[in-house]
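Residues -21 to -1, 1 to 514 in mature numbering (1 follows the signal peptide of the UniProt record, and there is no 0) are what the sequence shown spells out, letter by letter.
Just so you know, not all the hints are guaranteed correct.
Claimed, not checked - Cut-off 20 Å, straight-line C-alpha distance, at most; resulting in silico cross-link-like pairs (DMTMM-like, lysine to aspartate or glutamate): (1) Lys338 with Asp370; (2) Lys210 with Asp242; (3) Lys151 with Asp242; (4) Lys208 with Asp225.
What the hints assert, rightly or not - Computed spacing ranges between beta-carbons, pair by pair: (5) Arg501 with His289: 30 to 40 Å; (6) Asn350 with Pro130: 33 to 43 Å; (7) Asp2 with Glu429: 38 to 48 Å; (8) Asp370 with Ala282: 44 to 54 Å; (9) Phe493 with Tyr315: 47 to 57 Å.
Calculated from the structure, these hints are not laboratory results. Using N, Cα and C, we set each Cβ at its ideal position, and we do this for glycine too.
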Amino acid sequence: MGSLVLSRLIICLVLLSVSKAEDPYRYFTWTVTYGTASPLGVPQQVILINGQFPGPRLDVVTNDNIILNLFNQLDQPFLLTWNGIKQRKNSWQDGVLGTNCPIPPNSNYTYKFQTKDQIGGYTYFPSTLMHKAAGGFGALNVYARPRIPVPYSLPAGDFSLLIGDWRTSSHKGLVHYLDSGKSLTFPDGVLINGRTQSSYSGDQGKTYLFRISNVGLSTSLNFRIQGHKLKLVEVEGSHTVQNIYDSLDVHVGQSVSVLVTLDQAPKDYYIVASTRFTGRVLTGTALLHYTNSQTPVSGPLPAGPTYHIHWSMKQARTFRWNLTSNAARPNPQGSYHYGRIRTSRTIVLANSAPLINGKQRYAVNRVSYINADTPLKLADYFEIPGVYSMDSIQGIPYEGPAYVATSVMPATHHEFVEVVFQNNEKAMQSWHLDGYDFWVVGYGFGQWTEASRHSYNLVDALTRHTVQVYPKSWSSILVSLDNQGMWNLRSAIWERQYLGQQFYLRVYNPVKSFQNEYGMPRNALLCGKAFGRRP
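Use the sequences and the hints to build the structure in full.
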């Protein structure tokens, strides 16, 4: 009898230890170098990761712990940011200049972060200088845990397509050009996975998942496949109502996932990404190849929209949350009734393109951001004064000349905030918030007013990390500030980000607790006024 009790006790202890086991760890070693490629037929310097352009596809599972050792063999400091990964309680690993010292040439840094309670298609890319214009970007896919079902049958294959505008100018040349006070010229072309002609194969009658991400610098793109329908199933971590589309607009920094059934005659078909809202339309193509095809691609490229703003906004409103589906957790997405929560305040952010000291800059609420030599996160941790200002940027637009500042907007941990992006320019905008996803509740033309709230979707709006703002229009989001830290809110259009259209949101709780935020990592790089200090 005693041995039976002991056996049961051992079994219970084993089960308890398994139930409390840590989530899996995934280890990666990446080396960043220069290389030569000809994406548009012209040899140019590109940035490689482990010899690849674009960089390696990073496939992980919900709640995996990522340990990624990055060696920088460029001749400039370098950082990667993880676009859309929320970095719960851990802005230390965000990979932007406000939170991390850049990795010096011929040295390394080990990123340590967790894909906590996330699923979906994301990307990574360089956040320093104009390195993104040379590559260094790639797909980051977070798959659901085996016990958490997705709301569709598992596809026969899974393709990641990185689409984006491309320039043949060197990234260093683009920096000098922007620093001289000029705006970027029109792109030279559009690439799909770093090429003008790549191919994706599948069997007739089977269904495949295509994860499409716009990793370009400046231009919205329309995606379509000749003769095939696109079933939207996921947008930046949110499972969607599975509407069918002929084509989809994907704006800078955004990602969507679609199911495509190979239900046509066996041949090759065009995959197309073309520029939107541009006077001259640039097009990038790839091929969808049926494995039993003996017939090459033929016919004209499938037509897509060009400048039609109303068409794009109307399509955006059809992207809706699937309220009966889980996301990274088994509970339904719609169980979080965001539309019933009272907001603590409204922040209105107006972008502009001022000249400051005779040079082109970009600003939000009159402030054009400049990077400090000390990351803001380190200045906050070590209580170093004079690095940033928390009273330079206001929560509403106001009249007056633009000016430069290292601007930080204070926020209280667990606030529930309405943010309105007001675009008074004729140019398309795209905004991204690190560390969060948010509900995109409204789009509209002209000036936002309080009456605009009557058009909000307060029931099944998507959560996502990047929102487009149409010319002479506004977009509204609701966000729960439940992730303490120093978080970058920026234009995803990289020229605008580089020339000041960004700031940091300091989500703060005076009570220091690991329940709210992790401490500074032991391997944190220290630079600027934090150099030589001890954690």
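Hint check, failures only: Hints 1, 3, 5 and 9 are the ones this structure does not satisfy, whereas the remaining hints hold.
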